[in-house]
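S.K.: Sequence:
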Amino acid sequence: MEKQKYISNLIKVSIVVLMAIVLLVLLSQYITMAQLKNKSAKLDSELATTKQQYDDLKNEYDDISNNYEDYVTDYTRDNYDYVEDGEILINKD
1 MEKQKYISNL IKVSIVVLMA IVLLVLLSQY ITMAQLKNKS AKLDSELATT KQQYDDLKNE
61 YDDISNNYED YVTDYTRDNY DYVEDGEILI NKD
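The numbering used here applies: residue 1 is where the sequence shown begins, and numbers increase by one.
FYI, nobody ran anything at the bench for these hints, they're computed from the structure.
Careful, some of the hints might be misleading.
[Unchecked claim] Below, computed lysine to any residue pairings styled on SDA-like, alpha-carbon distance capped at 20 Å:
{"hint": "1", "residue 1": "Lys37", "residue 2": "Ala48"}
{"hint": "2", "residue 1": "Lys5", "residue 2": "Ile15"}
{"hint": "3", "residue 1": "Lys58", "residue 2": "Tyr71"}
{"hint": "4", "residue 1": "Lys3", "residue 2": "Ile15"}
{"hint": "5", "residue 1": "Lys37", "residue 2": "Leu47"}
{"hint": "6", "residue 1": "Lys39", "residue 2": "Ser28"}
{"hint": "7", "residue 1": "Lys58", "residue 2": "Lys42"}
{"hint": "8", "residue 1": "Lys42", "residue 2": "Gln53"}
Put together the whole structure using the sequences plus the hints.
M.R.: Structure below.
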């Protein structure tokens, strides 16, 4: 009879310990999933920003490619004080 009580108590304790371990594992997995979800949201936001920057740069590249002569003229005027024949340079300082 004592042996049966001992075995019964041992089984109950083992079940409680196993349930506690399973609960701890599930809790840690839940925390990990929440952290990964936050990281995923942050990366999605970064990706959207990067895509927008790419689109802006691609549009700028396309504009420069389609109007190369005008771009070069404007760039040299702004950065190197370029003037065409008959134009007068006004000091921009």
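S.K.: Please go over all the hints and tell whether each is borne out by the structure.
M.R.: Status of the hints after comparison with the structure:
The hinted pair formed by Lys37 and Ala48 meets the criterion: a straight-line CA distance of about 16 Å does not exceed 20 Å. In summary, the hint linking Lys5 to Ile15 is supported, as the alpha carbons are separated by about 15 Å, within the 20 Å threshold. At roughly 15 Å between alpha-carbon atoms, Lys58 and Tyr71 fall within 20 Å of each other, so this suggested pair holds. Distance check on the hinted pair: Lys3 and Ile15 sit about 18 Å apart at the alpha-carbon level, within 20 Å; holds.
In summary, the hint linking Lys37 to Leu47 is supported, as the alpha carbons are separated by about 15 Å, within the 20 Å threshold. At roughly 17 Å between alpha-carbon atoms, Lys39 and Ser28 fall within 20 Å of each other, so this suggested pair holds. At most 20 Å may separate the alpha-carbon atoms for a hinted pair to count; Lys58 and Lys42 exceed this at roughly 24 Å. Restraint check for Lys42 and Gln53: the C-alpha separation of about 17 Å stays at or below 20 Å, so the hint holds.
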